[in-house]
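So that you can map any letter, position 316 of the sequence shown is 316 in the UniProt record's numbering, and since no number is skipped, the others follow by simple counting.
It should be emphasised that the hints constitute simulated quantities derived from the structure, not laboratory data. Be a bit skeptical, because a hint or two may be false.
[As the list claims (entries may be wrong)] Distance condition first, Cα-Cα at most 25 Å in a straight line; then the derived PhoX-like pairs of lysine-lysine:
1) K134 to K147
2) K56 to K424
3) K424 to K38
4) K346 to K147
5) K483 to K134
6) K147 to K96
7) K164 to K213
8) K96 to K346
9) K49 to K38
10) K49 to K513
11) K38 to K56
12) K213 to K152
13) K16 to K38
14) K139 to K153
15) K346 to K38
16) K213 to K147
17) K513 to K56
18) K164 to K153
[Stated by the list, open to error] Quick list of the computed label-pair ranges, beta carbon to beta carbon:
19) K440 to S55: 15 to 23 Å
20) T420 to E210: 50 to 58 Å
21) E387 to R36: 49 to 57 Å
22) R382 to D145: 25 to 33 Å
Glycine is no exception: its CB is placed at the ideal position from the N, C-alpha and C atoms.
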Amino acid sequence: MIMVVAVLSGTAETRKPNVVIIYTDDQPMDSFGFIRGKAHTPNIDRLAKEGAYFSKAYATSSVCSPSRYSALTGQYASRCQSPEFRREISEEGVTKVLWNMGMSEDQWNFPRVMQANGYKTGMIGKWHVGSSGKHGHRKTVPNNDPKNPEVKKVLQYNQEYYCKDIAEFGFDYVGAAFHGNPNDDPNLVKTGCNVHLPEWQTKHALEFIETYKDEPFVLYYASTLLHVPDCTADLKKDPRLTPLGWMDEPIAPGVLPPREDVLRRAREAGVPDSQNGKLIAATWLDDVVGAVQDKLMALGLDDNTLILYFNDNSTDDQGKGSCYQGGAHVPMMAYLPGVVEPGERKELVANIDIAPTIFDYCGVTPPEEMQLDGASLMPLCRNETVEWRDSMFLEIGITRAVVSDDGFKYLAFRVPESYTNRPKEEIQQEHREALANIHKTFPWTQDLWHEEEHPRYMHMGMAPGGHHMERFQLYLNHPPFEKNYFDPDQLYDLNRDPRETTNLASNPEYQAKLERMQKKLKKLLADVPGTFADLKPTE
Numbered sequence: 001m002i003m004v005v006a007v008l009s010g011t012a013e014t015r016k017p018n019v020v021i022i023y024t025d026d027q028p029m030d031s032f033g034f035i036r037g038k039a040h041t042p043n044i045d046r047l048a049k050e051g052a053y054f055s056k057a058y059a060t061s062s063v064c065s066p067s068r069y070s071a072l073t074g075q076y077a078s079r080c081q082s083p084e085f086r087r088e089i090s091e092e093g094v095t096k097v098l099w100n101m102g103m104s105e106d107q108w109n110f111p112r113v114m115q116a117n118g119y120k121t122g123m124i125g126k127w128h129v130g131s132s133g134k135h136g137h138r139k140t141v142p143n144n145d146p147k148n149p150e151v152k153k154v155l156q157y158n159q160e161y162y163c164k165d166i167a168e169f170g171f172d173y174v175g176a177a178f179h180g181n182p183n184d185d186p187n188l189v190k191t192g193c194n195v196h197l198p199e200w201q202t203k204h205a206l207e208f209i210e211t212y213k214d215e216p217f218v219l220y221y222a223s224t225l226l227h228v229p230d231c232t233a234d235l236k237k238d239p240r241l242t243p244l245g246w247m248d249e250p251i252a253p254g255v256l257p258p259r260e261d262v263l264r265r266a267r268e269a270g271v272p273d274s275q276n277g278k279l280i281a282a283t284w285l286d287d288v289v290g291a292v293q294d295k296l297m298a299l300g301l302d303d304n305t306l307i308l309y310f311n312d313n314s315t316d317d318q319g320k321g322s323c324y325q326g327g328a329h330v331p332m333m334a335y336l337p338g339v340v341e342p343g344e345r346k347e348l349v350a351n352i353d354i355a356p357t358i359f360d361y362c363g364v365t366p367p368e369e370m371q372l373d374g375a376s377l378m379p380l381c382r383n384e385t386v387e388w389r390d391s392m393f394l395e396i397g398i399t400r401a402v403v404s405d406d407g408f409k410y411l412a413f414r415v416p417e418s419y420t421n422r423p424k425e426e427i428q429q430e431h432r433e434a435l436a437n438i439h440k441t442f443p444w445t446q447d448l449w450h451e452e453e454h455p456r457y458m459h460m461g462m463a464p465g466g467h468h469m470e471r472f473q474l475y476l477n478h479p480p481f482e483k484n485y486f487d488p489d490q491l492y493d494l495n496r497d498p499r500e501t502t503n504l505a506s507n508p509e510y511q512a513k514l515e516r517m518q519k520k521l522k523k524l525l526a527d528v529p530g531t532f533a534d535l536k537p538t539e
């Protein structure tokens with residue numbers, strides 16, 4: 001049974017609290033000014049310096065969809081029950097967490113729980129967690145002219161469809177929405193529209209806050225920044241070229257500083273044009289954070305609105321899509337002066353902790369049938385002494401990992417026998433098709449990667465020989481992966497070796513540690529669905 005908390009009004013002490021979740025996309029560590037000093041991000045830096053900065057935060061699954069699933073549900077992604085996810089379970093029962101996430105019609109998530117408890121809920125930006133199937137399908141534009149009335153009509157229809165569909169998952173307000181990666185929308189690609197339009201997204205975020213300023217609210221703002229394509233390229237585009245087609249005037253004038261001013265401030269701060277435009281565009285994202293904070297302050301809501309900041313996954317060393325630090329290790333911040341004590345927190349935390357934190361801070365009891373793998377961060381935010389987890393579970397593809405609070409990581413890579421015990425011709429055909437798709441998408445790889453006689457599965461388990469993300473990870477940006485990558489058992493001392501270059505699993509001096517870490521992983525695996533070779537042979 002859900003406990004509904006009575007709506008209060010009046011002073012900050014009696015008003016019901018609000019929450020704003022800022023969920024960003026593919027931010028490398030270099031894009032946080034306070035971490036490495038390479039980006040100009042004063043507003044984000046303020047969240048970290050004046051709030052709680054969780055330096056050992058993790059995305060439990062390091063690609064977009066499962067990361068968001070875990071944030072919204074408070075669950076490990078392997079608990080997903082969508083048909084798309086279940087179709088990918090191996091014959092042995094091994095679950096495969098990828099982009100196959102979706103929530104069912106009757107599944108609890110934090111927006112549905114908060115909505116049931118009298119809160120107004122808003123969602124802005126990138127969804128990427130499935131469709132309700134209740135509002136039809138996206139239409140296709142008739143040509144590539146964004147000024148054509150018929151093209152604009154289709155684009156506007158699609159936006160209405162996205163918003164209606166996402167609202168089914170527990171939102172009172174949805175705006176500037178994308179079902180998935182906006183650069184994967186063929187209509188936007190075809191018409192050359194801005195893929196990143198944070199002015200439009202922020203306009204809707206501020207509109208939501210203004211509309212519900214007198215009621216308790218939870219806003220989930222999932223920015224498209226800093227995901228590919230090149231953010232700086234979009235920063236230089238005309239803001240009138242929108243996902244709704246060409247506008248005679250900018251879609252949200254004055255909501256954010258002018259685009260040329262973003263470039264000026266970043267360059268004056270010494271930020272280089274590198275990393276696919278992400279370092280420059282980090283200042284653009286920082287302006288989004290500043291605009292939201294300014295709105296809360298202008299309305300007098302800044303003293304009872306908790307801001308949670310999380311990056312869906314990192315892209316350091318092309319680690320996205322792996323259990324390596326370069327994909328799973330991300331910064332997390334909680335900000336609310338007077339409630340959240342400033343300072344670094346070194347406990348192991350993750351996106352699964354977001355939903356329980358919202359419930360705890362807002363005084364809401366989730367339904368008994370809602371299984372939560374995470375825990376509330378509020379005791380840590382208040383700097384209280386509290387018992388906390390001693391390990392963190394990570395999962396992606398056909399790898400599983402555990403990080404311990406003393407700074408060790410054990411990664412297990414197991415290829416299901418059903419993947420390899422097939423006719424060689426069948427495996428080769430699948431490999432050729434995957435490679436052809438890589439060559440088509442990335443023509444420059446045709447001279448780099450060729451058909452292999454014995455293609456091996458990689459960590460995401462997508463095809464023999466690997467998916468392009470796996471290949472980039474292994475062969476291009478992190479050469480040390482190559483010597484350890486295919487090892488079934490990998491042990492790393494993150495304190496001494498944060499880039500995971502030296503596998504200690506076969507080192508006799510670390511055998512006892514390896515066994516203890518395997519024991520931790522077995523315990524965690526026992527609590528989630530699916531088998532996993534020798535570490536969990538049966539459910």
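Status of each hint after checking the structure:
no., hint, result
1, K134 to K147, "30 Å, violated"
2, K56 to K424, "43 Å, violated"
3, K424 to K38, "49 Å, violated"
4, K346 to K147, "52 Å, violated"
5, K483 to K134, "48 Å, violated"
6, K147 to K96, "43 Å, violated"
7, K164 to K213, "23 Å, holds"
8, K96 to K346, "30 Å, violated"
9, K49 to K38, "17 Å, holds"
10, K49 to K513, "35 Å, violated"
11, K38 to K56, "20 Å, holds"
12, K213 to K152, "32 Å, violated"
13, K16 to K38, "39 Å, violated"
14, K139 to K153, "10 Å, holds"
15, K346 to K38, "23 Å, holds"
16, K213 to K147, "36 Å, violated"
17, K513 to K56, "20 Å, holds"
18, K164 to K153, "17 Å, holds"
19, K440 to S55: 15 to 23 Å, "41 Å, violated"
20, T420 to E210: 50 to 58 Å, "57 Å, holds"
21, E387 to R36: 49 to 57 Å, "32 Å, violated"
22, R382 to D145: 25 to 33 Å, "56 Å, violated"
Violated hints for the displayed structure, listed by number in ascending order: 1, 2, 3, 4, 5, 6, 8, 10, 12, 13, 16, 19, 21 and 22.
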